[in-house]
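As given, the protein sequences belong to chains D and B, one line each in that order.
Using the working numbering, count along the first sequence one by one with no gaps and you end on 319.
Using the working numbering, count along the second sequence one by one with no gaps and you end on 259.
Treat the hints as calculated values from the structure; they're not laboratory data.
The beta-carbon is built from N, C-alpha and C at its ideal position, and this holds for glycine as well.
You may find that some hints are simply not true.
Claimed, not checked - Counterexamples of contact, computed for chain B against chain D with all Cβ distances above 10 Å:
{"#": "1", "residue": "Ser28"}
{"#": "2", "residue": "Phe192"}
{"#": "3", "residue": "Pro199"}
{"#": "4", "residue": "Ala206"}
{"#": "5", "residue": "Ala231"}
As the list claims (entries may be wrong) - Simulated restraints, written as ranges between beta carbons of each label pair:
{"#": "6", "chain 1": "B", "residue 1": "Val235", "chain 2": "D", "residue 2": "Arg82", "range": "36 to 44 Å"}
{"#": "7", "chain 1": "B", "residue 1": "Val201", "chain 2": "D", "residue 2": "Gly150", "range": "53 to 61 Å"}
{"#": "8", "chain 1": "B", "residue 1": "Ala175", "chain 2": "D", "residue 2": "Gly150", "range": "31 to 39 Å"}
{"#": "9", "chain 1": "B", "residue 1": "Lys255", "chain 2": "D", "residue 2": "Glu130", "range": "34 to 42 Å"}
{"#": "10", "chain 1": "B", "residue 1": "Ala126", "chain 2": "D", "residue 2": "His184", "range": "53 to 61 Å"}
{"#": "11", "chain 1": "B", "residue 1": "Pro199", "chain 2": "D", "residue 2": "Lys86", "range": "56 to 64 Å"}
{"#": "12", "chain 1": "B", "residue 1": "Ser170", "chain 2": "D", "residue 2": "Lys122", "range": "39 to 47 Å"}
{"#": "13", "chain 1": "B", "residue 1": "Ser29", "chain 2": "D", "residue 2": "Lys122", "range": "24 to 32 Å"}
{"#": "14", "chain 1": "B", "residue 1": "Tyr173", "chain 2": "D", "residue 2": "His184", "range": "40 to 48 Å"}
{"#": "15", "chain 1": "B", "residue 1": "Trp92", "chain 2": "D", "residue 2": "Arg82", "range": "26 to 34 Å"}
{"#": "16", "chain 1": "B", "residue 1": "Ser170", "chain 2": "D", "residue 2": "Asp79", "range": "36 to 44 Å"}
{"#": "17", "chain 1": "D", "residue 1": "Leu81", "chain 2": "B", "residue 2": "Ala126", "range": "41 to 49 Å"}
{"#": "18", "chain 1": "D", "residue 1": "Gly197", "chain 2": "B", "residue 2": "Arg251", "range": "39 to 47 Å"}
{"#": "19", "chain 1": "B", "residue 1": "Lys255", "chain 2": "D", "residue 2": "His184", "range": "35 to 43 Å"}
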Amino acid sequence: MTLIHARGLVKRFEGFTAVDGIDVDVERGEAFGFLGPNGAGKSSTMRMIGCVSPPTGGVLRILDMDPLRDGPKIRARLGVCPQLDNLDLELTVRENLTTYARFFGIPRKVARRRADELLDFVQLTERADSKVEPLSGGMKRRLTIARALVNEPEIVLLDEPTTGLDPQARHLVWERLFRLKQQGVTLVLTTHYMDEAEQLCDRLVVMDGGKIVAEGSPRALIDEYSTREVVELRFNVESQDVFADKLAGVGERLEVLPDRILLYVADGDDAVAEVQRRALSPASVLVRRSSLEDVFLHLTGRTLVD
Amino acid sequence: MTWSVLEYHLVSYRRIWRSSVLSSFVLPLLTMLGFGVGVGAYVTGGVQGVPYLDWMVPGLIASTAMQVAIGDSSWPVFGGFEWQKIYFGQAAAPLRVADILDGHLLFVVFRTLTSCAAFLLIATAFGTMHSAWALATLPIAALVGLSVATPTFAYAAAVRSDSYLAILFRLGVIPMSLFSGVFFPVESLPAVFRWIAYALPLWHGVDLSRAATLGAAPSWSAAGHVVYLALWAGVGWLLALRRFRKRLVV
Ligand SMILES: Nc1ncnc2c1ncn2[C@@H]1O[C@H](COP(=O)(O)OP(=O)(O)OP(=O)(O)O)[C@@H](O)[C@H]1O
Ligand SMILES: [Mg+2]
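Next up, chain B with everything else stripped away, as it sits in the complex (with noise of 0.2 Å):
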């Protein structure tokens, strides 16, 4: 049955996925010029040992699974509840609550993989990989897409306006992907916001994917930082399948 939900979304996908695909690529290229060639040629030096842009690439793409997770379960979800009410329709037929969340959880995830895909695919283009480890990257994009996906629902699901969304993205998406690691090293940050970086996802999914791209091991144990992720996305599934049985089930 979850299954079934997964389908709607993807149905509903595909007017768009031409479009979609075409700017999953077009953020990579993009970076891969600006910072590759611009930025990373005031760092010469490099970043511990490997040049700026390989060092930057693999913490683009765990910060692309947070933002295209993120953005996949903020609007849709609300208007899921106040615009098209699309979740009361399937909360009548012979679904659970738990299948309607999941199946969308499942398309976030979805998107979340082909985007990062994507960027893998031009970054190898680009020669930045060293080690064919980089593959790990995509289930570590999985694992940050629902580390931040299941809690977005659960806001997403309990606030009554869409102003709320926008404050989201203020609050937290933006200085996330800013200070979680992907453009310097966290240990430059006075401590309190390293502490801060810590405790998001974002951060965890950094470190995972760089030592996986350049073939090193990460700064913090690996199975640390998994059992971190994934302690984020099974707290936020509990929070928004309890939101969402609130709205459902009245």
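So here's chain D without its partners, still in its complex pose (with noise of 0.2 Å):
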């Protein structure tokens, strides 16, 4: 069953398209991403699909109703983490998610019941009842996290689940989510992170500029836009450019970045052997498996964090 359908979504902002006509299609169970710079227009995206930014133009479906007129019968159904945290600082972490929960009409004594078996999800429980303000930038992203299942939601809505977190702090929301996901919800999320892309993703579309440049699952876009391997070779020298063409022919392709060259190669090691053949001398060779970061690069000719 699809649970969001968009076909030619537009948004715009006082004469500035964010969203440029996209075709998305999420199906239920799924993991889909949104993989895009800043400014792609994944945020924008993420809040029509949440009900709460009315599309310019296009068609939006989300469980088979219209945003515009089944808003609130729609939210009821969703979870929905923001970009930017918006917890109650002043509140206990409990209360978050208690006064959260009543918003949906829950009962006083279930929300209190889910809010417990939430916060031992998320590992919160000790810091319970603890005001939200001292916590971690991880911890509120947690409850943040925590606030959005509060209603048991069909689809979950992620905008930069991990972002501004520390590795470890990553990891222990990708495994969170990647549980959710076994539960059967659906994830919708937005990233920078190709790591996190191919962490959890089952499907997902690049966004660049307000548009969908590329879709598909994490493997099958790097099969289909890079090569298996990368060779990132490094030169002493003020400009990589002198050394583009001298590595000309070495593999199928070749990025210059400011700091590096990238080769795009069937085998690394065959690439490295043809480098020294060649006589050139890079500083630093690193032989490394593509991944989204190259499709990303391939596709718009720019990298993704910057």
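Dock chain to chain to rebuild the complex, using the hints, since each chain is given by itself in its own frame.
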């Protein structure tokens, strides 16, 4: 069953087009991602799906309903973790969940029980009665995610769930989101991070400048838009450009970044041998597997995180 | 759904209610002592046939309603959009914009009522109430509160810097408390100022309150006062709803 259906979806702000005619279908039980750089239109899309931002054009149906007409009914079945936490810092961790549950018409007793379960789920039980203000960024993020689950939603919208968190906090969030997915909850998330998308998403779209530039599973996208391996070369010179000509033909494709050159090749070791045969002596050599970052670079000519 | 929003604000208030209740008793107590004993001693003839304190207290109750209502609708509303952004969290839940607005307004009415009830209690203890109609000061206070809270909600949702809220207090709240017949009859004001007092909501609440506690007829039609205050509340509500929509549905 298609839970989210968009065709030619457009969002314009005073003449500026943030989302420029995108087509999206998200099926039940899927983990679907929007990957893209700053300003790609990810949040604008999420807010339209979350029924707080009316589309400027195109078709949008959520849970087979019309966001403009059935906003509250749809929102009752969504969980939203916005890009910026909007928790009540003065309330306790538990009160943030119980008061929010009441907005969904959940009885007080059920709300208290569910708050305890969710605090356990996001590992905040020990902080249940402390105020939110002094919590770390990772804890606040987990609380926001718990709050998004308080109504047992069918779809959870997560706008950059781990941006700004340290690696340990990120892994904890990923692990919890993975569990949700296993429980059959449909996840829709946005991210700057290709490793996040690769970890969590069954399917994703790459967005740039309000448009979708590619779509597929992380694996399929890498197969389609990149090579199996990548050789990263760093030369001790002001500009890497001068080496671009000398490397011509080593791989299928070559990208020159300000601080390094990327060679797209089927076999990394062969390529490194060829570089040595040409008597080029890079300061550092790194062979790695292709990632979504490379897909993005290929599609847009830009890196994802600047 | 509106009730769940009120409930949220009450839970939030629970942390500070002790100090808040204390301060709502302190102001009336100081007033009774300062004005009743101090200023009252100079106004020996009383005003309109009653002791000065008895004449002034109902006005102060209405004025307290106005100040509490505006205080609780200015920074908290601004902060709901600009600081903690709690309104945006509420908008993602199955609430309508009107629920978010009404729930918060109900809380402001609750705060107005409890503050004025404390005042009424103390004023009664000091023997300044002349009639059982004095109880009517409470619904009047709620109406005064709404008449100023709704436009303040609209204003606080419209401005993008909290320095505009300070302007509201300097140019709106303070002059209104001084020139709305709380401390002296508006008849002693020059005509221009008198008409400004008539146009603003507070004087209508003051005149009604005074009529209630003194058990006398108001200087203007009581129904007229009520309709005029309701008009402020109603127009303010429409403006506030429009402003809230503009911020929450983009
Ligand atoms: N309310 C608004 N008014 C005007 N312009 C807006 C508004 N919201 C977003 N935009 C613009 O729309 C574009 C897309 O913004 P959006 O927040 O959707 O991007 P994003 O992909 O989420 O970026 P980020 O990774 O930085 O969060 C940006 O250029 C942004 O400035
Ligand atoms: Mg964003």
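Consistency of the hints with the structure:
no. : hint                               : in the structure
1   : Ser28                              : holds (14 Å)
2   : Phe192                             : holds (36 Å)
3   : Pro199                             : holds (46 Å)
4   : Ala206                             : holds (38 Å)
5   : Ala231                             : holds (39 Å)
6   : B:Val235 with D:Arg82: 36 to 44 Å  : holds (38 Å)
7   : B:Val201 with D:Gly150: 53 to 61 Å : holds (56 Å)
8   : B:Ala175 with D:Gly150: 31 to 39 Å : holds (32 Å)
9   : B:Lys255 with D:Glu130: 34 to 42 Å : holds (38 Å)
10  : B:Ala126 with D:His184: 53 to 61 Å : holds (54 Å)
11  : B:Pro199 with D:Lys86: 56 to 64 Å  : holds (58 Å)
12  : B:Ser170 with D:Lys122: 39 to 47 Å : holds (43 Å)
13  : B:Ser29 with D:Lys122: 24 to 32 Å  : holds (28 Å)
14  : B:Tyr173 with D:His184: 40 to 48 Å : holds (45 Å)
15  : B:Trp92 with D:Arg82: 26 to 34 Å   : holds (33 Å)
16  : B:Ser170 with D:Asp79: 36 to 44 Å  : holds (37 Å)
17  : D:Leu81 with B:Ala126: 41 to 49 Å  : holds (44 Å)
18  : D:Gly197 with B:Arg251: 39 to 47 Å : holds (41 Å)
19  : B:Lys255 with D:His184: 35 to 43 Å : holds (40 Å)
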